[in-house]
Amino acid sequence: MATVELRELRRVFGDVVALDGIQLTIESGEFLSFLGPSGCGKTTALRLVAGFDRPTSGRVLLGGKDVTHVGPNRRGIGMVFQAYSLFPNMTAEENVGFGLKVRKQPRDSRGRRVAELLELVGLADAAERYPHQLSGGMQQRVALARALAIEPEVLLLDEPLSALDAKVRVQLRDEIRRIQTRLGITTIYVTHDQEEALSISDRVAVLSKGRIEQIASPAEIYGAPGTPFVAEFVGTMNRISATVADTERGEVDVTGTGVAVEAARGRRRGEAVLLLVRPETVELEAAAADGDGLTGEVLSHTFLGSVTRLHVTIGAVEWSADLSTERASALPVGARVRLSFPAASAQLLSLGESEELPAADPDDR
Amino acid sequence: MRRRIAPGAVLWLLIGVAYLLIPLVATSIYSLKSNQTGKCCTLENYGEIIHDPAFWKSFRISFVLALETIVIGLVLLVPTVYWVNLKLPRLRPVIGFLALIPFVVPPIVLVVGLLDVFRDTPDWFYAKPYGFLAAAYVILAFPYIYFSLDAGFRAIDVHTLTEASQSLGASWRTTLGRVIIPNIRAAALAGALLTFAIVMGEYTIASLATFDTFPVYIQVVNQNRGFPASALVLLSFGITWAAMIAIVLVGRGRGPASGAQVGGVR
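The listed protein sequences derive, respectively, from chains A and B.
Counted the way numbering that gives the first Met the number 0 counts, the first sequence spans residues 0 to 364.
Counted the way numbering that gives the first Met the number 0 counts, the second sequence spans residues 0 to 265.
Just chain A, with the same shape it has in the complex (with noise of 0.2 Å):
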């Protein structure tokens, strides 16, 4: 299997700078995913590295080998589209084998092969049918399939589940990643949902307005976004303006109140920073109502099936907690409460850095 590699890959579409020179390399094997809003610029990279379209300058290398000159056809890629990509006139069988056929595999090898695939991904008795005779998910299957029929190098899937319902899209996911890990095969996987993305990637590239914003491991990029950005688009994250009050014990001033936060240590006395606190690590407790530390009012409950989002007033900052439904029935909308969180489990942020805060987007929680 080879490496991807991109090197200062520019795109700009008239006037818009849709890829501002990215730069990363895919090990072999690997599974990457390229996560962010839409107007990122993930499909468009991923376009670059198909072949679908060429660069405004930069490189794309696959397997050590510059292609970004070399057709779509000669890259010897897989890909897998959002949907409708099967093509109508042919079978399931005979969509899985178009790739050989092409490459002019004889009838009986191509034959074994493409049974091999239907089976692989759990079609082998929907061989004879055409994709209007199949499901979203089959048709999916099916495509993934096809892209894997001709052993590519590197495997591309643009948004592949996002065209499917919840519960086809949490199996489908798993069902690629288990394929994906079985054949070691080079993959990036384009998406807007992040979930998707942490469940399912070896390392995660979140993008922003044609920008590698961070490139981690799932777990980094969940628990110690390095900006804003990252910070608000993964994941719910309490957002605060806060100052370093103590940089031996690690302390930040919230409203007036200190509070212990170990990422402060070491950074400079008065600078103003971002807290940013997971709302599954924050504690609430019922308080007196003159109780010192972090205290405020219960504005309202939102249940989310596993937990219930509490939104608690502090001053005139709000802050969101999750708790399990039986402690958050406890306390009720109106209910005085003093909050807490570990201090370790907090990061910070320079508030310099925090200017280009995106828009929360309702569809990705």
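Worth flagging that the hints you see were computed from the coordinates, not collected in a lab.
Please read all numbers here as calculations on a predicted model, not as lab measurements.
Using N, Cα and C, we set each Cβ at its ideal position, and we do this for glycine too.
Relax, there's no trap hidden among the hints.
Now the in silico label distances, taken between C-beta atoms and shown as ranges: (1) B/19 to A/170: 52 to 60 Å; (2) A/183 to B/87: 38 to 46 Å; (3) B/172 to A/107: 20 to 28 Å; (4) A/11 to B/172: 25 to 33 Å; (5) B/218 to A/53: 57 to 65 Å; (6) A/132 to B/99: 36 to 44 Å; (7) B/23 to A/107: 52 to 60 Å; (8) A/127 to B/23: 44 to 52 Å; (9) A/110 to B/105: 53 to 61 Å; (10) A/254 to B/88: 52 to 60 Å; (11) A/132 to B/87: 32 to 40 Å.
The hints should help you fit chain B onto chain A, whose structure is shown.
Just chain B now, kept in the frame of chain A:
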């Protein structure tokens, strides 16, 4: 419970059927009358037409012309419409406008203009129906083929299918031949049928350019021989329909996919 059909609907249906059938029935009665005695019923008019070499000759000219027009039209337009839909969508309104011109320009203007334009071309083109007339008919058929194809191309996801095909290693030619054309076949067929009907019935251009095509022959018979003309009209009606059905059968091919596609792709 079965739904009852409203009496008003039945009335309109009957009027419609009568409108279509009365001329056919009247013509067929007329065609069975003897050209000598004017009495019913004899098949001698049909015999006369069928044994007229000019009938077969003119029919053959028009039939071959129709096929030629269809082939040239599709060869020119399938790749063009494909490319425009794929790469130059901004040109679509321009081509749509160009395609309307043959509707707007009267045939007399078209033929005078074409005769003038092609005046200096060699005889094998200028003096032959398969040259000059075919060129004129391709222009005449342009809107019919274009709009059919355009609808067909818009019904499929041209971009995704093309990219999927390319990513699997197919060249442009393979993509067009194995992926795109099979999926717009119904649209191409529709354009072909319209073209066939137009060429089989086009009189003005052929007559003005003095070619003996089928419609010109019908007109000559009509002027000179009353009852055989009716027989000829019915014969041409039947033959044209048979030819169209043949095109449908040939174009549709076999297999369940083609059956599903005639109703609409995907």
